[in-house]
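Enquirer: Sequence:
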Amino acid sequence: MANLNLTSHLKSLFFSLLLLLLHLGCFICFSSTNNKNNNNINYNDNNYLPPIKKRKLKVISISSSWSFIKKVFTSKNNNNITTQTPTTTSFCSPRSSHYSNIIPVYDSDLHPRKKRSGSRSEYESSLYENPLLPLRNDIYPCPSCGEIFLKPNLLEQHQTTKHAVSELRDGDSGKNIVWIIFKTGWKTENNNNNEKFPKIHRILKIHNGQMILSKFEEYREIVKVKAKVKPARNRNERCIADGNELLRFHCTTFACNLGQNGNSSVCNQNYCSACGIIRVGFSPKLDGISTLSSSYRAHMSIPGDVEDEFAFMNVKRAMLVCRVIAGRVGCDPMMTEVDKEDQGFDSLVGRGGTGQVNSDDDELIVFNPRAVLPCFVIVYSV
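Read left to right, the sequence shown gives residues -33 to -1, 1 to 349 (mature numbering (1 follows the signal peptide of the UniProt record, and there is no 0)).
Hints are computed from structural coordinates only; laboratory data are not their basis.
Yeah, the Cβ is synthetic: ideal placement off N, Cα and C, and Gly gets one too.
Watch out, some of these pointers could steer you wrong.
Stated by the list, open to error - Using 16 Å as the maximum straight-line C-alpha spacing, the simulated EDC-like pairs for lysine to aspartate or glutamate come out as follows:
| hint | residue 1 | residue 2 |
| --- | --- | --- |
| 1 | Lys172 | Glu185 |
| 2 | Lys195 | Asp209 |
| 3 | Lys182 | Glu212 |
| 4 | Lys182 | Glu123 |
| 5 | Lys172 | Asp139 |
| 6 | Lys182 | Asp209 |
| 7 | Lys191 | Asp209 |
| 8 | Lys191 | Glu212 |
| 9 | Lys118 | Asp105 |
| 10 | Lys129 | Asp139 |
| 11 | Lys191 | Glu204 |
| 12 | Lys193 | Asp209 |
| 13 | Lys172 | Glu134 |
| 14 | Lys129 | Glu114 |
| 15 | Lys193 | Glu212 |
| 16 | Lys172 | Asp209 |
What the hints assert, rightly or not - Label-pair ranges, simulated between beta-carbon atoms:
| hint | residue 1 | residue 2 | range |
| --- | --- | --- | --- |
| 17 | Gln227 | Glu123 | 36 to 46 Å |
| 18 | Lys118 | Phe312 | 38 to 48 Å |
| 19 | Ala278 | Lys118 | 39 to 49 Å |
| 20 | Arg136 | Pro270 | 28 to 38 Å |
| 21 | Pro119 | Lys166 | 17 to 27 Å |
| 22 | Val192 | Ala278 | 22 to 32 Å |
| 23 | Trp146 | Leu117 | 20 to 30 Å |
| 24 | Trp146 | Gln227 | 13 to 23 Å |
| 25 | Glu123 | Met267 | 12 to 22 Å |
Generate coordinates for the entire structure from the input sequences, incorporating the hints supplied.
Expert: Right under this line is the structure:
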């Protein structure tokens, strides 16, 4: 009886090894056939797989063979192993057995990509892997012309040069207000003279950049803080409220076609004062910035023959209407020099000053260029 059990056990082991050899023989024949026919592959065939994917198929086939070997040797105690035929092999068609039992695994299966969930934050975080594709948050389009910039300072520089001014048309309330202010100041100061009212060619609105606006507001806050720390008897309520903001005139010259025919850009000429002020503000190298209460006084601050003397440079006059943070105003009717480093006051009343500080009627000299914000340009001729 023991010999009979041993014989049956050896027979089952023999048949298992025979099945294993047949399976490995089919696999080796199939692999050698594919290697010989690599040059005759039809790349348009739907069943064609790239070489990388075939390697993955081979790895999976070997793993399946190894699992089969383990199954054979672990089933020694099973007496019915000789009567069962593995359902995962097919001897009549090796090609069909491999393709029917093996599921192709592609790159996307081994390394699945993160699906775009629709949330912008996840999508943008995935784009950080490729620096050649800028994120939408890193793009700054110009609202006027649509030109794209990658840095906010480049966008601001573009706006302050290419879209610095715009002409106010007839019927615009802003144009009417500026025209009335200019005309009123001219007639009031020119009652005893026979000069005619100047001809206004165009009124331009200045589009100040965010940097210039922020500097102006920062200086206002500095003046307000300085006014609050003063003793109660020396406090100026206007300085505490808004920094003692005034509307003043400043006359200058320009040598280009500023605002002509709808042109909104400013030039880079060294001798074009108006464009330089619009583009970067007043120069900090000046000892003081002269601002006046009326258009006529501002006009008279520049010699009358400046246009004739520099006619070869096409020099013309321009009147700037400015917002000025006067702050704490000093008064020195007999002043001969201006000391802008004096911390006792923020501005100084010049010619025609009286014992009382009344900057509305006199020339006001401001020491800090951040305190003057040009808002409008009046191009005129007398």
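Enquirer: The structure should be examined with respect to each hint, and the outcome stated for every one.
Expert: Comparing the hints with the structure gives:
no.: 1; hint: Lys172 to Glu185; in the structure: violated, 22 Å
no.: 2; hint: Lys195 to Asp209; in the structure: holds, 12 Å
no.: 3; hint: Lys182 to Glu212; in the structure: holds, 15 Å
no.: 4; hint: Lys182 to Glu123; in the structure: holds, 14 Å
no.: 5; hint: Lys172 to Asp139; in the structure: holds, 11 Å
no.: 6; hint: Lys182 to Asp209; in the structure: holds, 15 Å
no.: 7; hint: Lys191 to Asp209; in the structure: holds, 7 Å
no.: 8; hint: Lys191 to Glu212; in the structure: holds, 11 Å
no.: 9; hint: Lys118 to Asp105; in the structure: holds, 7 Å
no.: 10; hint: Lys129 to Asp139; in the structure: violated, 23 Å
no.: 11; hint: Lys191 to Glu204; in the structure: holds, 9 Å
no.: 12; hint: Lys193 to Asp209; in the structure: holds, 12 Å
no.: 13; hint: Lys172 to Glu134; in the structure: holds, 6 Å
no.: 14; hint: Lys129 to Glu114; in the structure: holds, 11 Å
no.: 15; hint: Lys193 to Glu212; in the structure: holds, 15 Å
no.: 16; hint: Lys172 to Asp209; in the structure: violated, 23 Å
no.: 17; hint: Gln227 to Glu123: 36 to 46 Å; in the structure: violated, 24 Å
no.: 18; hint: Lys118 to Phe312: 38 to 48 Å; in the structure: holds, 39 Å
no.: 19; hint: Ala278 to Lys118: 39 to 49 Å; in the structure: holds, 42 Å
no.: 20; hint: Arg136 to Pro270: 28 to 38 Å; in the structure: holds, 33 Å
no.: 21; hint: Pro119 to Lys166: 17 to 27 Å; in the structure: violated, 41 Å
no.: 22; hint: Val192 to Ala278: 22 to 32 Å; in the structure: violated, 48 Å
no.: 23; hint: Trp146 to Leu117: 20 to 30 Å; in the structure: violated, 41 Å
no.: 24; hint: Trp146 to Gln227: 13 to 23 Å; in the structure: holds, 19 Å
no.: 25; hint: Glu123 to Met267: 12 to 22 Å; in the structure: violated, 36 Å
When the structure is compared with the earlier hints, violations turn up for hints 1, 10, 16, 17, 21, 22, 23 and 25 and for no others.
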